[in-house]
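Enquirer: Work out the full structure, taking the sequences as your base and the hints as a guide.
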Amino acid sequence: MNRRKFLALLGTAGVGGALATPGMAAAKAHVFPGYEDSYGVLHDVTRCIGCRQCEEACNAVNSLPQPKTAFDDLDVLGVRRRTSAYEWTVVNQYTIDDKPYFRKLQCFHCNEPACASACFAKCFTKNPDGSVTYNGDQCVGCRYCMIACPFYIPGFQYDEPFDPLVQKCTFCKPRLDKGQLPGCVEACPMDALTFGRRSDLIRLARRRIEENPGRYTDYIYGEWDAGGTAWMVLAPASKETAGKSDVGAAGATDVMHAIGLDTHLGTQPMGELTYGALGTVPLIVAFWPILFGGLYGISKSREARNEMRNKIMRAAVRQDMAAAMDDAVRRIEQQQGPEAAEVARQALEDAVEERRQAALDASRFARKEDH
Amino acid sequence: MRHTLFPLTGLLLLLSLACLLPAGAQAAAVDELEATDSGAPTAIMMLPGGDKKAAGSMKPVVFNHLIHERKIEDCTVCHHTGDPQKCSDCHTLKGSEEGKYITLERAMHATNIAPRTDGPTPQSCVSCHEQQLKRRECAGCHSIAKPARDDRWCGVCHSVTSSMSAQQLQQAASGTLPDDERDELAARTVLEKRYATPLRPELLPSRIRLDSLSDKFGPNYFNHRRHVASLMRRIQDDKLAAAFHKDPASLCTACHHNSPASATPPSCASCHAARIDPANPGTPTLKAAYHLQCMGCHDGMKVARPLKTSCASCHKPRTEEGQ
Amino acid sequence: MAEHYDIPMPTRDQMLNLTPFFRLTPGNIITYIILAVGLVVTVMRFTLGIGAVSNLDDNYPWGIWIGFDLLCGVALAAGGYFTTVACYVLGLKRFHSAVRPAVTTAFLGYFFVVVALHYDLGHPLRLPYAFFYPGTTSVLFEVGLCVATYVTVLFCEFSVMPIEWLAHRFPVLRIFHKLITKTVILLTIFGVTLSTLHQSSLGSLFLIAPGKLHPLWYSPFMPMFFFVSSMAAGASMVIFEGMLTHKGLQFYMDTNHAKDSKLVTLSFSRAASFILMGYFMLKLIDMIVQNNFAYLFSGYGVLWLVEMFGFVLLPALIYAKGARDGNEHICQIGSIITVLGIIFNRFNVSIIAFNWHLPAAERYFPSWHEITVSIFIVTLIITVYRFIVYHMPVLYEHPNFRHHG
Numbered sequence: 002m003n004r005r006k007f008l009a010l011l012g013t014a015g016v017g018g019a020l021a022t023p024g025m026a027a028a029k030a031h032v033f034p035g036y037e038d039s040y041g042v043l044h045d046v047t048r049c050i051g052c053r054q055c056e057e058a059c060n061a062v063n064s065l066p067q068p069k070t071a072f073d074d075l076d077v078l079g080v081r082r083r084t085s086a087y088e089w090t091v092v093n094q095y096t097i098d099d100k101p102y103f104r105k106l107q108c109f110h111c112n113e114p115a116c117a118s119a120c121f122a123k124c125f126t127k128n129p130d131g132s133v134t135y136n137g138d139q140c141v142g143c144r145y146c147m148i149a150c151p152f153y154i155p156g157f158q159y160d161e162p163f164d165p166l167v168q169k170c171t172f173c174k175p176r177l178d179k180g181q182l183p184g185c186v187e188a189c190p191m192d193a194l195t196f197g198r199r200s201d202l203i204r205l206a207r208r209r210i211e212e213n214p215g216r217y218t219d220y221i222y223g224e225w226d227a228g229g230t231a232w233m234v235l236a237p238a239s240k241e242t243a244g245k246s247d248v249g250a251a252g253a254t255d256v257m258h259a260i261g262l263d264t265h266l267g268t269q270p271m272g273e274l275t276y277g278a279l280g281t282v283p284l285i286v287a288f289w290p291i292l293f294g295g296l297y298g299i300s301k302s303r304e305a306r307n308e309m310r311n312k313i314m315r316a317a318v319r320q321d322m323a324a325a326m327d328d329a330v331r332r333i334e335q336q337q338g339p340e341a342a343e344v345a346r347q348a349l350e351d352a353v354e355e356r357r358q359a360a361l362d363a364s365r366f367a368r369k370e371d372h
Numbered sequence: 023m024r025h026t027l028f029p030l031t032g033l034l035l036l037l038s039l040a041c042l043l044p045a046g047a048q049a050a051a052v053d054e055l056e057a058t059d060s061g062a063p064t065a066i067m068m069l070p071g072g073d074k075k076a077a078g079s080m081k082p083v084v085f086n087h088l089i090h091e092r093k094i095e096d097c098t099v100c101h102h103t104g105d106p107q108k109c110s111d112c113h114t115l116k117g118s119e120e121g122k123y124i125t126l127e128r129a130m131h132a133t134n135i136a137p138r139t140d141g142p143t144p145q146s147c148v149s150c151h152e153q154q155l156k157r158r159e160c161a162g163c164h165s166i167a168k169p170a171r172d173d174r175w176c177g178v179c180h181s182v183t184s185s186m187s188a189q190q191l192q193q194a195a196s197g198t199l200p201d202d203e204r205d206e207l208a209a210r211t212v213l214e215k216r217y218a219t220p221l222r223p224e225l226l227p228s229r230i231r232l233d234s235l236s237d238k239f240g241p242n243y244f245n246h247r248r249h250v251a252s253l254m255r256r257i258q259d260d261k262l263a264a265a266f267h268k269d270p271a272s273l274c275t276a277c278h279h280n281s282p283a284s285a286t287p288p289s290c291a292s293c294h295a296a297r298i299d300p301a302n303p304g305t306p307t308l309k310a311a312y313h314l315q316c317m318g319c320h321d322g323m324k325v326a327r328p329l330k331t332s333c334a335s336c337h338k339p340r341t342e343e344g345q
Numbered sequence: 062m063a064e065h066y067d068i069p070m071p072t073r074d075q076m077l078n079l080t081p082f083f084r085l086t087p088g089n090i091i092t093y094i095i096l097a098v099g100l101v102v103t104v105m106r107f108t109l110g111i112g113a114v115s116n117l118d119d120n121y122p123w124g125i126w127i128g129f130d131l132l133c134g135v136a137l138a139a140g141g142y143f144t145t146v147a148c149y150v151l152g153l154k155r156f157h158s159a160v161r162p163a164v165t166t167a168f169l170g171y172f173f174v175v176v177a178l179h180y181d182l183g184h185p186l187r188l189p190y191a192f193f194y195p196g197t198t199s200v201l202f203e204v205g206l207c208v209a210t211y212v213t214v215l216f217c218e219f220s221v222m223p224i225e226w227l228a229h230r231f232p233v234l235r236i237f238h239k240l241i242t243k244t245v246i247l248l249t250i251f252g253v254t255l256s257t258l259h260q261s262s263l264g265s266l267f268l269i270a271p272g273k274l275h276p277l278w279y280s281p282f283m284p285m286f287f288f289v290s291s292m293a294a295g296a297s298m299v300i301f302e303g304m305l306t307h308k309g310l311q312f313y314m315d316t317n318h319a320k321d322s323k324l325v326t327l328s329f330s331r332a333a334s335f336i337l338m339g340y341f342m343l344k345l346i347d348m349i350v351q352n353n354f355a356y357l358f359s360g361y362g363v364l365w366l367v368e369m370f371g372f373v374l375l376p377a378l379i380y381a382k383g384a385r386d387g388n389e390h391i392c393q394i395g396s397i398i399t400v401l402g403i404i405f406n407r408f409n410v411s412i413i414a415f416n417w418h419l420p421a422a423e424r425y426f427p428s429w430h431e432i433t434v435s436i437f438i439v440t441l442i443i444t445v446y447r448f449i450v451y452h453m454p455v456l457y458e459h460p461n462f463r464h465h466g
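Protein chains in written order, with the working numbering: chain W, 2 to 372; chain Y, 23 to 345; chain X, 62 to 466.
Zero decoy hints are in this set.
Facing chain X, according to a computed beta carbon distance under 10 Å, are these residues of chain W, among others:
id: 1; residue: 139
id: 2; residue: 140
id: 3; residue: 149
id: 4; residue: 151
id: 5; residue: 158
id: 6; residue: 167
id: 7; residue: 267
id: 8; residue: 289
id: 9; residue: 292
id: 10; residue: 293
id: 11; residue: 301
For the record, the hints were derived by calculation from the structure and aren't laboratory data. Where is the CB? At the ideal position from N, CA and C, for every residue including glycine.
Expert: Here it is, written out as structure tokens:
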């Protein structure tokens with residue numbers, strides 16, 4: 002192979018490939034699709050019976066403090082509750098077309114969590130197994146994660162004076178590591194919570210929707226919402242969504258809203274909303290000093306120019322004046338003698354000095370009034 | 023031409039005469055049928071349309087007008103235009119303007135029919151039968167069991183008497199079957215209709231102890247025979263159920279699903295494990311399988327008690343000392 | 062040039078001038094009562110926990126300690142960068158007398174923002190962890206980094222004043238004084254860069270919560286709104302403070318300062334008027350572009366209209382009128398409304414329009430402890446400001462350091 006041939010080959014295959022591949026790879030890497038083979042849980046609202054056994058199991062496996070009302074008290078389901086530092090999961094009752102439904106609420110374990118984007122001390126980690134965990138050892142307690150979380154999940158130990166931490170569902174990460182199921186999933190008597198690989202769960206959800214026409218709203222909450230979540234929700238059909246296929250976020254809004262889920266979070270991770278603003282930081286850091294330095298330079302040179310012009314003018318005026326004075330004094334000397342000339346010189350000098358002082362004062366005020 | 027046509031016509035004449043012989047015998051079949059109040063024929067053979075070449079693949083449907091008209095209050099349930107005309111008048115094989123381009127196939131099978139704001143919403147055969155599944159006596163099983171839409175299922179309606187010859191089937195498909203023959207075959211199909219005899223509850227297990235999972239709660243004693251008997255009693259006179267439950271063990275398959283209908287089906291635990299298999303997350307765990315079947319059926323049949331969350335109604339809680 | 066003979070300046074023998082604090086004036090009495098109660102609440106906060114003294118909960122992790130102490134504190138301390146840029150970068154030397162009070166307020170403002178933050182943080186001592194475990198994707202990290210750096214910059218800018226006071230005793234400080242005056246332009250440019258970044262980033266903080274903040278306030282342009290409004294806040298605070306110092310601290314002013322103050326007020330009013338007009342237009346365009354008309358006819362719409370017309374457009378017009386007529390008092394009224402408007406806006410974004418869809422029962426209202434802490438912090442700022450003015454050349458030029466910075 003001679004050099005020409007080699008270059009030609011390089012030109013056709015090598016360079017073309019080299020140009021195309023990195024560009025495409027970069028375009029793909031721009032959006033983090035979530036860890037491959039990460040786990041998730043599918044919550045089938047149509048199966049949930051509101052027995053609160055998941056809450057009880059969560060409390061037990063995480064050694065959380067005993068609640069005020071026992072877990073077999075089902076009256077609390079009617080009151081809208083949220084997760085807190087000591088209740089990492091809660092089940093609430095909702096109504097769709099006058100029929101009662103129950104939905105479990107816990108950390109959704111986002112693919113790209115808002116809490117992790119928001120934390121300035123890197124307390125949150127999205128693990129390859131799908132869980133989002135929190136390390137309280139480096140938490141400063143600013144609670145920005147709680148502002149950021151679109152699902153109102155993290156709770157703060159406000160009652161703890163010296164070591165208050167943010168608390169939330171851990172996906173039972175310690176149990177997952179031991180090969181056990183999350184406490185709530187294991188406790189669920191209805192398999193309303195299905196544990197599996199996230200990709201499998203999405204397929205499973207689609208199959209359930211397909212095989213049970215009229216039972217589900219054809220929308221998997223969490224498949225794309227907030228950039229995708231590990232825990233997903235399959236909602237029952239309402240009169241409007243029954244029998245409709247692939248209703249999309251807009252079509253599912255009413256049903257999801259009825260069970261307390263927000264479909265307006267968009268499909269991008271919440272953190273991306275701040276990336277634009279953060280992207281301007283280097284721009285400002287680079288550009289502002291140049292801009293303001295330039296402004297300073299301009300104002301400085303203008304000042305110097307003015308100063309110089311004034312100086313020259315003042316010098317010219319002084320010279321003119323001195324020449325005129327000399328002339329006048331000389332004439333007086335010729336006509337009235339040296340004594341009179343001396344008096345005149347003195348008087349002229351005094352008058353000039355007086356004028357100068359007055360002009361100086363006036364100009365200072367005028368300058369100020371001007372602006 | 024003429025010379026060759028004569029022997030042909032003669033042959034045809036002979037053939038038709040030969041056909042008349044069984045037809046004459048069947049004339050009794052039409053008369054044997056009970057007449058309808060509406061005046062419509064009791065048995066109507068409906069011919070599936072579609073591809074002429076593949077016509078043999080789907081058998082004609084014999085519609086028993088009598089038992090259907092007795093089940094409804096108003097003819098417009100099916101004859102939605104108000105005229106007692108044939109479905110195929112408007113709903114042609116290819117669709118026509120009068121039929122709003124709804125083909126005959128759709129008119130018979132469509133399930134997702136948009137409600138009409140003007141006048142009654144039309145029903146297809148399948149959509150009406152599906153609605154029947156929502157009756158309390160059906161809804162229990164049918165909320166947890168969805169029969170597969172396979173050949174067996176199609177064959178419930180698409181079946182004719184075995185005396186209909188292949189040639190007649192072909193004639194039917196090409197639209198050349200004489201009307202009197204057609205009526206005779208329809209009547210004969212109705213007369214020959216035989217329903218399966220369901221299993222007798224006394225032969226089935228009585229009380230079953232479900233205890234493989236008991237930890238917090240004691241074992242559950244499931245009164246199997248009483249449940250089966252109750253279900254059977256509710257549908258014993260139901261012709262629709264009888265027509266579709268073609269196997270004596272059909273009823274068993276509601277709970278004992280995903281295995282062939284049998285009087286001795288495998289136990290739940292043979293498929294449903296106590297722990298979920300992450301590779302196969304769609305299969306419920308044993309506990310969930312029990313609960314989904316029991317509660318799903320109770321839900322469908324609107325059994326108000328016991329409450330789903332009152333565990334102790336079905337399982338005795340284990341006392342502290344008992345553990 | 063400047064007459065300062067009747068100013069009670071500290072001397073080598075008499076470094077302290079604390080007598081004004083011991084006079085039994087109503088101001089002093091109220092100050093001491095607030096400080097005493099504030100100290101009690103401080104002890105409660107750090108022994109009983111945040112939950113014991115505040116109404117903060119899981120839905121409202123941020124209350125007035127953030128909404129007022131941090132957001133308003135930082136915005137109202139914008140006078141520092143605004144004045145130094147005008148004076149040093151743009152070469153408008155006639156504002157020179159306004160620089161020192163503005164830098165002092167800015168430094169105190171930022172310093173006490175950091176102090177107040179310690180009340181709100183669960184682990185106040187871990188504040189530096191932001192730099193050990195930098196969460197670079199966080200807007201708050203950027204805010205923290207900028208505020209920390211800017212406080213340092215402000216400290217440098219401010220330090221000339223204590224140096225001029227203490228140089229009697231510690232002549233070595235003159236070296237630093239020289240260093241600071243030589244690098245003042247660098248500090249100013251550094252300061253305005255940092256200010257631009259964190260003033261806007263305080264708005265970016267809420268970008269991550271589109272579902273929680275009412276659409277009339279939520280906008281991708283929140284960083285810009287926060288920055289632009291901070292400029293108006295900075296200009297207004299200089300006018301507002303000028304008014305206050307003329308009421309209570311006029312004995313510590315030299316004639317130059319007194320003479321220039323009207324000029325400063327009028328010029329800053331004109332600037333603020335332009336900025337507020339621009340801000341009004343930006344917000345209006347944003348509302349139109351986001352098609353939020355429907356929201357205008359709700360309770361929040363009324364709130365937004367009150368904010369826009371009562372606290373942005375109105376002060377803009379008042380400023381314009383005052384600057385045009387050369388009427389200081391009208392300008393001062395404008396500054397009061399603007400300052401209140403900034404507080405109103407920051408409250409709206411962080412508290413009132415935040416979690417707007419939550420039922421009324423779950424909404425937040427600050428506890429008296431929280432309000433006390435905020436008042437306590439403001440009182441501390443005023444008290445320390447008084448101490449500084451009583452001892453250091455803020456409102457006058459020190460005879461030993463004339464023509465320096």
